[in-house]
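Listed below are the residues making up each chain.
Number of protein chains: 2
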Amino acid sequence: MKVIMVGGVVVGPKVSARLRRLNSEAEITIIEKGSLLSYGACGLPLYVANLVPQLDGLMRTSYGVLRDTDFFQSQKDVNVLTQTEAVKIDRAHKKVFVRNVVTGVEETLDYDYLVLATGAKPSVPPIPGVNLGQVFTLHRPQDAQALKEFIKTKKVKHVTVMGSGLIGIETADALAGPRLKVTLCEAESQVLPKLLDGDMAKLVERQMEGQGVDIRLSCRVKALEGDAEGNVCRVQTEQGTIETEAVVIATGVRPEVSLAREAGLMIGSTGAIKVDEHMMTNDPAIYAGGDCAEQLHLVTGEPVYIPLASTANKQGRVIADHMMGISARYAPVEGTSVLQAFDLNIGRTGLGEAEARKRGYNVVTSVSSGLDSTHYYPMHANITIKLIAEQENGRLLGAQVCGVGESVKRLDVLATALKFGANVRDLIDLDLAYAPPFATAIDVLIHAATTLENIRLGVAKAITAEALVSRLQAGEKICLLDVREREEVAANPLSIEGTMVIALGELRERWEEVPKDSLVVTVCGLGIRGYDAACMLERKGADQVVFLQGGLSVGNAYFDQV
Amino acid sequence: MKVIMVGGVVVGPKVSARLRRLNSEAEITIIEKGSLLSYGACGLPLYVANLVPQLDGLMRTSYGVLRDTDFFQSQKDVNVLTQTEAVKIDRAHKKVFVRNVVTGVEETLDYDYLVLATGAKPSVPPIPGVNLGQVFTLHRPQDAQALKEFIKTKKVKHVTVMGSGLIGIETADALAGPRLKVTLCEAESQVLPKLLDGDMAKLVERQMEGQGVDIRLSCRVKALEGDAEGNVCRVQTEQGTIETEAVVIATGVRPEVSLAREAGLMIGSTGAIKVDEHMMTNDPAIYAGGDCAEQLHLVTGEPVYIPLASTANKQGRVIADHMMGISARYAPVEGTSVLQAFDLNIGRTGLGEAEARKRGYNVVTSVSSGLDSTHYYPMHANITIKLIAEQENGRLLGAQVCGVGESVKRLDVLATALKFGANVRDLIDLDLAYAPPFATAIDVLIHAATTLENIRLGVAKAITAEALVSRLQAGEKICLLDVREREEVAANPLSIEGTMVIALGELRERWEEVPKDSLVVTVCGLGIRGYDAACMLERKGADQVVFLQGGLSVGNAYFDQV
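Sequence lines, in order, name chains A and X.
Going by full-length UniProt numbering, the first sequence opens with residue 1, and the numbers climb by one from there.
Going by full-length UniProt numbering, the second sequence opens with residue 1, and the numbers climb by one from there.
Keep in mind that the hints were calculated from the coordinates and are not lab data.
Please note that a few of the clues may not be correct.
Since the list gives no way to pick out one identical chain from another, each pair is judged satisfied if it fits inside one copy or across any two copies.
[What the hints assert, rightly or not] With a straight-line Cα cutoff of 27 Å, these simulated DSS-like cross-link-like pairs (lysine-lysine) come out: (1) Lys461 - Lys2; (2) Lys2 - Lys540; (3) Lys540 - Lys274; (4) Lys154 - Lys181; (5) Lys461 - Lys94; (6) Lys152 - Lys194; (7) Lys2 - Lys154; (8) Lys121 - Lys194; (9) Lys477 - Lys121; (10) Lys121 - Lys222; (11) Lys222 - Lys540; (12) Lys88 - Lys477; (13) Lys33 - Lys94; (14) Lys148 - Lys181.
Looking at chain A on its own, in the form it has when it is part of the complex (with noise of 0.2 Å):
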C-alpha cells in the first residue's frame, strides 16, 4: 500500500505516525512545499513575544529531538520530501505530480491513498500597499523569524496590527510594550469578532487599552502607504491616517484549496474541501485533513471552517483508521477555540449568542463573574463566565470565557457538556473537583449555571452591563444602587454620577430610601449581593428591581461609556 501526504506540518505527520502503528508494510511518503516539517504554528506569536526563545523550540519533540526527514525516517519510518510541491493529481491513474521547488526536477509518485493537508494561506485583503515592505504576516515560522529579526534590529516603535483575530490579538499582545506601540485596527465594531459577542469582546478592549494598545474598531484599512524605499510608513483607514513603522496583517486565513479544485475535488459551502465523516473526499482514494479541510458543527449540524492544531490531529488519526478498515468516525465539533492574551484567559465554545439570534433560536443569557479558586487561597483571580441556551428547554448553546483567572478549565467543561446535549440543570449538578486551591465551594461554573436557571425561570431579574448602558445613553431614569462595602466603593467607586450607595448590609433598615418611581438597578462587584439587594428590595414591595449580571467586573468595562 502506497500512502502519499500532500503537507508536512500536522495532519501529515499524524497520518503517518498512526498508519505506521497499524501497517508494518505501507509505503508511507509526505511531500512538504517547505523545508520544516511538524512545527508548532500555534508557537509563532510566542517566538516573537520572545516567550519561545529559539524558533527551532518549535520544531523539536519534548525530549529535544528536531523533527526532520532524518526523525521521521528513523523515528516513524516515514520518507519525506521536502521542498517538493505537488502539482497535479491524476486521479484515474492514482498519481500526484511532484516538483522539487529548488531544482525544478519533476517526478510522478503512485498512490493507493493521497491525503491533501495542504493548509491554510493569510487571506490578504485586497487593498493597495500590502507588497510594500515592512509589511508582514505571521502564518509560517520565516514570517516570525523575519519579523522578530525586523522589530529587534530597526527598534521601532509604532506597528499597526490589521485584524483582531486570535493571531491579530496574539501578535499585538507579543509587540505591545513600554518600547513599542501598537495600533489595532479592526473593521467590525469589536475585537475577536468571530470569537465573542460584543459584551465579552468589551472586556478584552479594556484590558488591551489599560495595557496601551491603541484600538480602533469599525476601522476598514482602505490602503497602506509606501516611503521612497518602499516601506509602509502609513496606513489610511475609514477613521483617518495612521503613521507606522510596520503592518502585521491579520485578517484570517483561507484554506489552500487549489490543487483539490484542479483534481475535481468538491469544494465545500465554506471555500474548504468537503470531506465525509471519515474525513474522504469524493474520491474514496483522497482523503483531506487539517486547515484545508471543512467540518461540521455539533449545533448547527452545518459546515464550519475552523484551522486547529487540535482538531487537525483528531482528523489524522481518524484517516490512518479508516485507510486500515477501523471503524472511525470524526465527530462534528463545537468550535472550541482559545487563546492567551494581555494576561487573560479567552474562549469560546458553541454559539454566540448573536449567532443563535441570527438562527433563529430563542436565547436566554448569563454573564456570571467570580474567583476561580477560594478567595483565602493565596493564588486567585477573577473570570466572566458567558453562557448562552435555549429559553425554552435550557440546553446549552454555546459558552465564553475571559478572565485573569484559570477560565479554561471551566470552558473545557462547557465544551464537553455541550458535546453530551447538556441543559443549564444538567451543568447545575455536575460533580467537579472542589479543594481551596482549584475552586470555590461553588465553583463559578456552577454559579453561571444557577444564575441562567434563576433569569430563565424568572426567579432573578437581571440585566446585562450592555443593556443598562444603552438605556442610559437613551436617557431613561434609572437608579443605580450600589450595595457594595464602604471600603470597596471608596477604592473603585462607580462612575456614574447620581449613583446611590447603601452597603448590602445597611439596606434592610434604609430600604426607604431608595427610590420607587424609576427602575433601581442593584450593583456589586460579582454580582451576587446585587441580587440578594434585589431580593431584598423586591420583599419590601419594589416592582421594578434588578441585579446588574456580572456586578462590576462586567459593567466597569462598560461605564466609561456614560
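Place chain X on chain A using the hints.
Here is chain X on its own, set in the frame of chain A:
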C-alpha cells in the same frame, strides 16, 4: 413558614440564602452549636501551612465581611443562634428543643421544615492514648489553631500523622519541612486508599518521600503513649515504636447522626442519614444535607458517604427549592475528589480500578503521562492520567490524575464526561480548548483516551509498571529496552540491571540486537516512543514485545523496588 437549620457551616447558610431569595416571608433560623459560622473548613490545612495567615480569612466573604450573626441578619435576613445545640426533635408536634451551650438556657422552637446539617466528627480509632496531650485532630477551626500554635511555640521537630486520607496528606504537607520531620502511618498498603488505586498512590508516595516524609504503609497504630506530663511522646505500631512530639489523628470522619437517629429518622447503610432525591428524610418536614447525609453514586447507583463542601452547597439549593415547590432533584455524584499536596495535584472521579474489579466489571485501564501544555511554552509540567473503562464497550467508569501540572482541568472534564455516560471514543472526540499555554495539540487527556482505546482493541500491547515490577520480582527473564536519547539516559538512567539502551532513532538499524527469546519491554520517558519502538520491533518479527505504559514518569516510582 418557619424553617430551622441545625448547623451553620455549609448547608444551613446555603439553604437560608436560597430560601430567602425565593421567599420573603419565611422565618429562617440557623442553630449552630459552635461559635463560628459558614467557615471554609477545607482551608484549615492551608492555615496550618501558613498559606492562609489569619484564621478568620476562612470566615470572611471574598469582599472581606465576616460571616457572623450580624452578617446573616443584615445581609440575608436570617436569624442565627450560635453556641446553641439542638438536643431533641419532637416530630409529631414539629418542635425542636435547643440549649445554649454556655448559659444552659433551654428553648423550644416550632418549625414547618427542619434541615439537619449536623455535619461530621473525626473518627478516632479506639486505641489507648488518644486523649493524651499533644494529640490533635484537624476538624474545626479551633483544632487548626491549637495545632499551629503548638507547632510554633514548642518548635516541634517531629510529628506523627495517623491516616493518609485527604486531611492526613494535606496535614503532612502543611507540616513537613526542613525543620519538622513528619512520619505518616497508614494502616492500608498505600496512601490515599479511598481516593487512588495503588499505582497512582505510588506516584504520591515517591513524591512525599522525596520531600522527606517517612511513610509507613500497612502500619496500624496500636497505642499512643504519654510522658509524665500526660503528653504523647511515643507511637506504638505494628512495625515498631516511633518517638514523636505530637500526633495528628486524621483517620477519617463519621457523620453526626445522633439527633436524627434519636428522632427515628432512617440512617442509611453508610451510617449517614438516608435521604431521597430531594434530600428529604423519611419525615417530609425534615431534610438533611452536607456531611451528615448520604448520596447516591452515579456509576454504581448505591449510597455513598463522600462529605464535601461542593456537594453540600448543591444539596442546600435543592432543599430550599424543593421546600418552595420548585422541581429540584439532587443528582447522583461521581465522587470527584481532589487535593493539592507536595506540589502535586491529585484527584479522582468515578470508580477506581480495584473497586470496579471488585464489583465484577470487566475492566481495561490505561496509565498515560504527558505535558499539561506545549513543551516550548515557558510553563509546563507533567501529569499522569489513569482511565478505567469497561472492556466490552469502552464505557468510562472512572479516572485518576496526579502530577505537578494542570491535572485538575482534565479531571473536571472526565467528571463531566462520566456524568453523561461517555465511552472512550467520546473522550477521543472531545473538542477541548487548544492553544500552546493550555494544552498540547493532542491533549494529554485525548492521548490517555487513545491509549486506552488502543489497549482495549489490542492495537497496542502495553504493560503497567506494577505488572512489570511484579514479574521482575518473580524472577522472570525480561529484556528492558530503553529507547530514549543518549542525553536523557545519561541524566536519568534506568536503575534496573541489564537494561538495553537503543534510542528509537537507531532502532531501525539495530533491531537485531534485541533478544527474541524473552519478553521485551520498551521504555521511554512518557510512553509514546516506547509504543513506536514496540510497533517497530513487531514489524521486524518480534512477537513478545510490549511498551511500558506512562514510561518512566510512572515506572520510576516502581523501579527502586527491583
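| Same-copy or cross-copy closeness of Lys461 to Lys94 [CA-CA at most 27 Å] | neither (64 Å within a copy, 35 Å between copies)
| query | Checking Lys154 and Lys181: alpha-carbon separation at most 27 Å within a copy, between copies, both or neither? | reply | The answer is within: 14 Å in one copy meets 27 Å, while 57 Å across copies does not.
| query | Which holds for Lys33 with Lys94 at a C-alpha limit of 27 Å: within a copy, between copies, both or neither? | reply | within (20 Å within a copy, 82 Å between copies)
| said: Cα distance capped at 27 Å. Does Lys477 pair with Lys121 within a copy, between copies, both, or neither? | reply: Neither: 52 Å inside a copy, 55 Å across copies.
| request: Check Lys152 against Lys194 for me: Cα-Cα at most 27 Å, and say if that holds within a copy, between copies, both or neither. | output: neither (31 Å within a copy, 56 Å between copies)
| Checking Lys121 and Lys222: alpha-carbon separation at most 27 Å within a copy, between copies, both or neither? | within (21 Å within a copy, 72 Å between copies)
| message | When Cα atoms must be at most 27 Å apart, do Lys2 and Lys540 count as within-copy, between-copy, both, or neither? | response | between (78 Å within a copy, 19 Å between copies)
| request: Please work out whether the CA atoms of Lys2 and Lys154 approach to 27 Å or closer within one copy, between two copies, in both situations, or in neither? | output: neither (49 Å within a copy, 75 Å between copies)
| query | Checking Lys540 and Lys274: alpha-carbon separation at most 27 Å within a copy, between copies, both or neither? | reply | For Lys540 and Lys274, neither the intra-copy (61 Å) nor the inter-copy (38 Å) Cα distance is at most 27 Å.
| task | Tell me, please, which holds for Lys148 and Lys181 at an alpha-carbon limit of 27 Å: within, between, both or neither? | result | within (15 Å within a copy, 51 Å between copies)
| How do Lys222 and Lys540 come out at 27 Å by Cα distance, when the copy is not named: within, between, both, or neither? | neither (58 Å within a copy, 62 Å between copies)
| Same-copy or cross-copy closeness of Lys461 to Lys2 [CA-CA at most 27 Å] | between (64 Å within a copy, 26 Å between copies)
In this structure, the earlier hints numbered 3, 5, 6, 7, 9, 11, 12 are contradicted, and the remaining ones agree with it.
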